[in-house]
Amino acid sequence: MGQRLSGSVAIITGASRGIGQAIAQAYAKEGASLCLIARNKKILDELAATLPLSAAQIMTLALDVTDREACFQAVTQVEKYFGRVDTLVNNAGIYRSKTFLEYTAQDFQELLDVNLFGVLHFTQACLPHMQQRQKGSIINIASTAGKWGSRNQSAYNVSKHAVVGLTRCVALEASPYKVTVNAICPGFVETDMFDAVKIEAAQSGNTSIADFEKAALSRVPLGRFTQAAEIAGMAVFLASADATGMTGQSIQMDGGMVLC
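Counting in the numbering used here, the sequence shown runs from 1 upward without gaps.
These are computed hints drawn from the structure, not numbers from a lab. These numbers were taken from a predicted model, which means no experiment stands behind them. One or more hints might be untrue.
Within a straight-line C-alpha distance of at most 25 Å, the following computed PhoX-like cross-link-like pairs (lysine-lysine) qualify [to be verified]:
hint	residue 1	residue 2
1	Lys29	Lys41
2	Lys42	Lys80
3	Lys178	Lys98
4	Lys135	Lys29
5	Lys29	Lys42
Whenever a hint applies, use it, and build me the whole structure from the sequences.
Written out as structure tokens, the structure reads:
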């Protein structure tokens with residue numbers, strides 16, 4: 001068992017499943033104390049009970065990341081309980097697939113509220129104390145959808161492009177304070193969210209789930225979908241002392257879908 005994050009404190013949003021859950025498991029193994037955040041407290045508590053942490057090393061908070069006041073209150077609670085926040089992982093996100101003309105303004109707003117403004121709220125809540133301490137890492141889980149265009153997910157892509165842009169801008173402003181800000185851009189990752197993506201994408205593309213999977217895999221040189229644990233490994237690196245020289249980056253983990 002590694003201890004690259006021993007003694008550190010991390011907040012992970014969207015921690016109840018998928019990539020967020022995998023990051024929580026990886027951080028716990030690396031010795032970090034954790035605040036796990038999602039909307040379902042029961043699932044968070046069940047996850048917390050499986051982690052190799054003492055009761056004093058973990059807390060769970062149920063909230064909606066679109067609620068700015070709740071986000072700030074959560075960070076205040078974490079700082080009061082643990083004394084600080086060393087790492088913020090902005091992972092909470094939602095997906096919706098429609099053709100551009102089928103998307104409503106409300107669809108765009110809801111995706112932006114969660115995928116962008118959830119990141120904004122927690123980052124603005126955590127950054128002041130990180131800058132004051134001149135130490136900290138912020139890791140945004142974006143998407144390859146934040147790096148290029150794709151059919152039938154314009155609202156989702158817009159929200160993830162915004163996260164990539166925000167990552168770069170905040171990294172520049174935080175760098176004088178030795179706070180790093182990076183994004184991970186996963187491609188197709190085997191999670192329950194991806195199962196839902198398959199259904200929506202197949203419907204919006206007027207194809208079968210099997211054909212969608214075949215088409216998706218044909219775009220991946222490695223010939224397989226990424227695992228959530230692989231994304232978690234990158235999140236561990238970005239939170240560790242090994243990554244203090246990296247900031248403002250949007251790192252693709254997509255099996256080689258786009259080489260740039």
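### Query
Can you give the numbers of the hints that this structure goes against, from lowest to highest?
Hint 3 contradicted; others consistent.
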